[in-house]
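Given the sequences, and given the hints that come with them, work out the whole structure.
Number of protein chains: 2
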Amino acid sequence: MATIRELLRVPHGDTVDLASVDPRSTPGLPDIRRPKAKAREQLSRVGDELAGYQERLYAQAKAGGTGRRLLLVLQAMDCGGKDGTIRKVIGRLNPQGVHIVSFGPPTPAERRHHFLWRVRREVPRPGYVGVFNRSHYEDVLVARVRGAVPERIWSRRYDEINSFERELVDEQVTIIKVMLHISPDEQRRRLRARLEDPTKYWKYDPADLEERRHWADYQAAYGDALGRCSTDEAPWYVVPADRKWYRDWAVAHLLRETLAELDPHYPPPSVDLAREKARLAGT
Amino acid sequence: MATIRELLRVPHGDTVDLASVDPRSTPGLPDIRRPKAKAREQLSRVGDELAGYQERLYAQAKAGGTGRRLLLVLQAMDCGGKDGTIRKVIGRLNPQGVHIVSFGPPTPAERRHHFLWRVRREVPRPGYVGVFNRSHYEDVLVARVRGAVPERIWSRRYDEINSFERELVDEQVTIIKVMLHISPDEQRRRLRARLEDPTKYWKYDPADLEERRHWADYQAAYGDALGRCSTDEAPWYVVPADRKWYRDWAVAHLLRETLAELDPHYPPPSVDLAREKARLAGT
Chain A
1 MATIRELLRV
11 PHGDTVDLAS
21 VDPRSTPGLP
31 DIRRPKAKAR
41 EQLSRVGDEL
51 AGYQERLYAQ
61 AKAGGTGRRL
71 LLVLQAMDCG
81 GKDGTIRKVI
91 GRLNPQGVHI
101 VSFGPPTPAE
111 RRHHFLWRVR
121 REVPRPGYVG
131 VFNRSHYEDV
141 LVARVRGAVP
151 ERIWSRRYDE
161 INSFERELVD
171 EQVTIIKVML
181 HISPDEQRRR
191 LRARLEDPTK
201 YWKYDPADLE
211 ERRHWADYQA
221 AYGDALGRCS
231 TDEAPWYVVP
241 ADRKWYRDWA
251 VAHLLRETLA
261 ELDPHYPPPS
271 VDLAREKARL
281 AGT
Chain B
1 MATIRELLRV
11 PHGDTVDLAS
21 VDPRSTPGLP
31 DIRRPKAKAR
41 EQLSRVGDEL
51 AGYQERLYAQ
61 AKAGGTGRRL
71 LLVLQAMDCG
81 GKDGTIRKVI
91 GRLNPQGVHI
101 VSFGPPTPAE
111 RRHHFLWRVR
121 REVPRPGYVG
131 VFNRSHYEDV
141 LVARVRGAVP
151 ERIWSRRYDE
161 INSFERELVD
171 EQVTIIKVML
181 HISPDEQRRR
191 LRARLEDPTK
201 YWKYDPADLE
211 ERRHWADYQA
221 AYGDALGRCS
231 TDEAPWYVVP
241 ADRKWYRDWA
251 VAHLLRETLA
261 ELDPHYPPPS
271 VDLAREKARL
281 AGT
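Line by line, the protein sequences are chains A and B.
Take the first sequence: its letters are residues 1 to 283, numbered as in UniProt numbering.
Take the second sequence: its letters are residues 1 to 283, numbered as in UniProt numbering.
Hints in this document: simulated from the structure, not taken from any laboratory.
These numbers were taken from a predicted model, which means no experiment stands behind them.
Be aware that a few hints might be false.
Copies of the same chain look alike in the list, so a pair counts if it works inside one copy or between any two.
Here are the simulated DMTMM-like pairs of lysine to aspartate or glutamate, each with C-alpha atoms no more than 25 Å apart in a straight line [claimed, not checked]:
| id | residue 1 | residue 2 |
| --- | --- | --- |
| 1 | Lys36 | Asp48 |
| 2 | Lys244 | Asp83 |
| 3 | Lys62 | Glu211 |
| 4 | Lys62 | Asp197 |
| 5 | Lys200 | Glu55 |
| 6 | Lys203 | Asp185 |
| 7 | Lys62 | Glu196 |
| 8 | Lys244 | Glu49 |
| 9 | Lys62 | Glu160 |
| 10 | Lys203 | Glu55 |
So, in structure tokens, the structure goes:
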């Protein structure tokens, strides 16, 4: 049976045509009755497994045995569900071993540096699970679509990103890049909910409507970024995300398959156990 | 009925005699059969409430309406359960709104600064729940017991801490300081478990045995710190922590009572809802 990683992975190379991926589809979920209930139930079980892997990853690094760490990069159109995914999936982990960073529009100070400068500073430490809520990919997405930099600049960033990510992989950072893929209709529904539900008013940003007008340009920019930067070392996955329960299920499985491959183990004792037991008994 | 805060709060002033608090007691838990099962069940429900408060606190700050934030300071003897408390209680919150910092022994660079320098940099931003795993209190605990600085230095730190915390309160930081109080026997049991359980070897640090020899000195140092720095603005609570299920229950309730008093609300809309709905329909 194909793994979820195989089903959702973007092939390296040409532009990806996002229109060919149905945002309401549920790849890898068995064809069953009540898939939503099933997916939620599995998420809970997989969440416990993730927490187990995370503790072993953390323990290994703490014992100095490895520099291994995980980095989840989340990208999406506005309302794509990045925050919800963090709450529902990353919320299953031990918060003490998690490093979450939201990359907003670069500040004036950040703009004076290379676009990767602020990103390098936030790479998770060994043993940690890092999450980028938006990332250096904004520099080939919004920066390109809204013309913040000329083509001469953004066009060379794909190679810069690939080099940067290769460096991270050399430092034992395992990278999982996920694009949460929603439809324009689903975005409208979610924006409308923010205007109708008093518990969601605070999420509404009028600037999102301006971005929405550039939907096609963003999809094209995503297509280039995903295709050109989905490498063997740092693959991109497209997760159909109109259905939140599938989105969470899929991201949890991507993490689980990746962590299972890393297969972290509790480290052996670093002390003479018998001797320490005797010392302890004497206190 | 007394609140958990009232039951566990340290009065301001003189040295606290920690020996007068039974680490196996369960103040505030109704006298019932199977208290452990009940406490765990309540923790789960209170956890959901905490997540609700947290979202409203975050939403308020995001809307710019307030600089309010929460800071939980956790202190304990080794094996006192700081990590477990974070996993079990703080793990109920949305990790994206949480800022956890572990303060280890100061680095040479940190030692060149005032002891509060590194702490100020980690104060949570508006809307966030910050957690200090150890804190500036180490500078009147280990620094005093192990003689890292002369009495002339550490003895004035209580006042410096009180001033610092008053500043934070002025910046709308609500401070909850919790000492997880275990017995020396319980510490021995937990240290032994780290020498007997292969999934816990990595937590064992031989230096903990050296610290353990100074138990009485630490209890005295805690007694001074708790009494002198339990102020109206930033109270200390002593949580009996030999029983992990009580510890988690109590910390969750301390947070809940504090957040209920803050009573954060979803902010009102910052836009003309009807106008935005019409704009959205036109996209």
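Right, here's what the structure says about each hint:
no., hint, verdict
1, Lys36 - Asp48, "both (19 Å within a copy, 22 Å between copies)"
2, Lys244 - Asp83, "within (11 Å within a copy, 31 Å between copies)"
3, Lys62 - Glu211, "between (43 Å within a copy, 20 Å between copies)"
4, Lys62 - Asp197, "between (45 Å within a copy, 17 Å between copies)"
5, Lys200 - Glu55, "between (34 Å within a copy, 10 Å between copies)"
6, Lys203 - Asp185, "within (18 Å within a copy, 50 Å between copies)"
7, Lys62 - Glu196, "between (47 Å within a copy, 19 Å between copies)"
8, Lys244 - Glu49, "both (21 Å within a copy, 22 Å between copies)"
9, Lys62 - Glu160, "neither (31 Å within a copy, 33 Å between copies)"
10, Lys203 - Glu55, "between (33 Å within a copy, 11 Å between copies)"
In the structure shown, a violation is registered for the earlier hint numbered 9 alone.
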